[in-house]
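Using the sequences plus the hints, can you model the full thing?
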Amino acid sequence: MDFIASLDWITDPTVLARQFMAGLSNGALLFLVAAGLSLIFGVSRIINFAHGAVYMLGAYFAWTVVGAASRSPLIFAAAIVFSTLASFVFGVLFEILFLRRIYRSDQAFQLLVTFGLVLILGDAVRLIWGREENSALVPAGLEGATRILGVVMPTYRMFLIAVGAAVCIVLWLVLYRSRIGVLIRAATVDREMLKALGVRTDRIFTLVFGLGCGLAGLAGGLSVPIVSVGPGLHSQVLIEAFAVVVIGGMGSFPGALVGAFLLGQANAFGVLAAPALAIVLPFVVMTLVLMFRPWGLFGRPD
Amino acid sequence: MGSVRTAGLSVRLALIIVAASALLIPAFAGPFWVFVAIEVVVFALYAVTFNLLFGFGGMLPFGHAAFFGLGAYAVAVLVKKAAWHPLLALGAAPFACAVAAAFVAVFCVRLTGIYLGMLSFAFQMLLYTVIFKWYSLTGGDDGLSGLAVPGLLGRPEALYYLSLALVAVSLAFLWRLVHSPFGKGLQAAKSNPHKSAAIGINVALHRGIAFVIAGAFAGLAGALFALANQSVFPGWLNWTASAVPIVMTVLGGVHSFIGPVIGSAVYVVLQTVLTGYTEYWALILGALVIGIVMLMPEGIMGYFRG
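Same order as they appear, the protein sequences are chains A and B.
First residue of the first sequence? That's 1 in my numbering, and the numbers climb one at a time after it.
First residue of the second sequence? That's 1 in my numbering, and the numbers climb one at a time after it.
Hint data in this document are derived by calculation from the structure and do not stem from the laboratory.
Please read these numbers as outputs of a predicted model, since none were measured by experiment.
Take these hints with a grain of salt, some might be off.
[Stated by the list, open to error] What follows is a set of in silico ranges between Cβ atoms, one per label pair, in the way DEER data are often shown:
1. A:Val-199 <-> B:Ile-16: 54 to 62 angstroms
2. B:Phe-95 <-> A:Ala-276: 26 to 34 angstroms
3. B:Leu-177 <-> A:Trp-172: 29 to 37 angstroms
4. A:Ile-128 <-> B:Ala-165: 27 to 35 angstroms
Don't be surprised by glycine CBs; every beta carbon is placed ideally from N, CA and C.
Below, the structure written as structure tokens:
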């Protein structure tokens, strides 16, 4: 097996820029998923194994609105809003009905509840939407390619980068410049103390779980024009989001951003440099980080 | 060993009844149910190895299926690519898994909680991806098949008795282990690592040894399952597969040595029966899992104990 492919491209600025932008757009989607996963973990210490399944649910929600043939930007926008809000509501309900009761339970029970949700959602989408792989069209105005910095990029990829950046800024403003953000960050540091100070921490837990699921649903909705929406959609996303969160630091917002950027780039360039190794790269990095710096690049040691 | 000797008459009677009915299964059941019985026995061992780490060691690996899958693939590769006799390969598989588990343990035992779980998860996904992609060695997505044990031992009943005997001996060993001074040390390290260290228990060493033993016996379970199936598939060590021993353990009862065995029996029989009626078995399992965590967190054993 040839582990190292030809490296001629390394001096070709067009290829470098193209891969960089491709990595950036994948990183943008990954960031949306990983940021929610990390926020949820930071506040509630729950590892949401169902996060990929919620992403998949968001994709199905959006696909249901858009359908296979629509090119209307308005319908597409409505689909994205719907997938985000519906996933948010789903997360809020799941938190209130189930997760809320097990915050004090052993981690294995928390794992099993989110894993039970993976099993249920995996079959539920088959029951509701069938087994087919569904696809949708890129909405009008975002199809084709755009020339930017001398590189020709699919316009929709540029759009993903823009949305990712916008959501990142909004999230940053919420987390670091608003009262609720102060409370969320305080809850990641010491929830008992926050509760003792009279804050209704249960509401924060519900909100954060809903927010995380909403972000996953948003990412799922946005990915509809570029992936095939089928029952197996959740696995890869979850695993990559896990890698991002571990690399960046579990519970860390900047960690999710940097981790998603790094993994997006590693995937984009790894495929060119060493296709056979690229696929194991996330796990190798994840393993190394856990071995030598388990709290990740931006997390705090416990 | 006190608790072994003082085990009540009713416990002994129950053990004898279970043993007798286990021995008689092939006399009454057709090949299909004999295969189901093998599955129960094999997964019982697998779930107990998980509970050695979790219930007795206080460690929650998210990737325990790595060792089950590695044991299965060790058998498959040795038989298909190195032309070993299947039974010889069966004997080698646990050692391969012990070595792999020792490597993972070196890094895992120093970590706590979520980080240990995640490292175990990362190692499992690494192994899964390599097996999935290394087509020439592992058959990739298709797995490897044609692992029939030659001769009389290849008959379902013979494989069943072989599995039953090996699992019974393994469980007896693990039972002794958790009731030995080593097992007490492991449980002490679970309840309070700092105090345990203060009274001279080498916490990391106890956890490391438990990790290696659990990995080796999980590998034996995987190897037996490979021979029973006459094939192996990469899905056996995908991330969702690691939830199976956790579900069995919680279903049967975490705070009991025998709980995971009961959990395995209930899980496998339920799966076999339900998949006959519906293709949405996962949906039912998911609801069941959430229901158990919410309503009877001590599992079946805890329920009967009151």
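Task: Numbers of unmet hints, in rising order - done: 3 and 4
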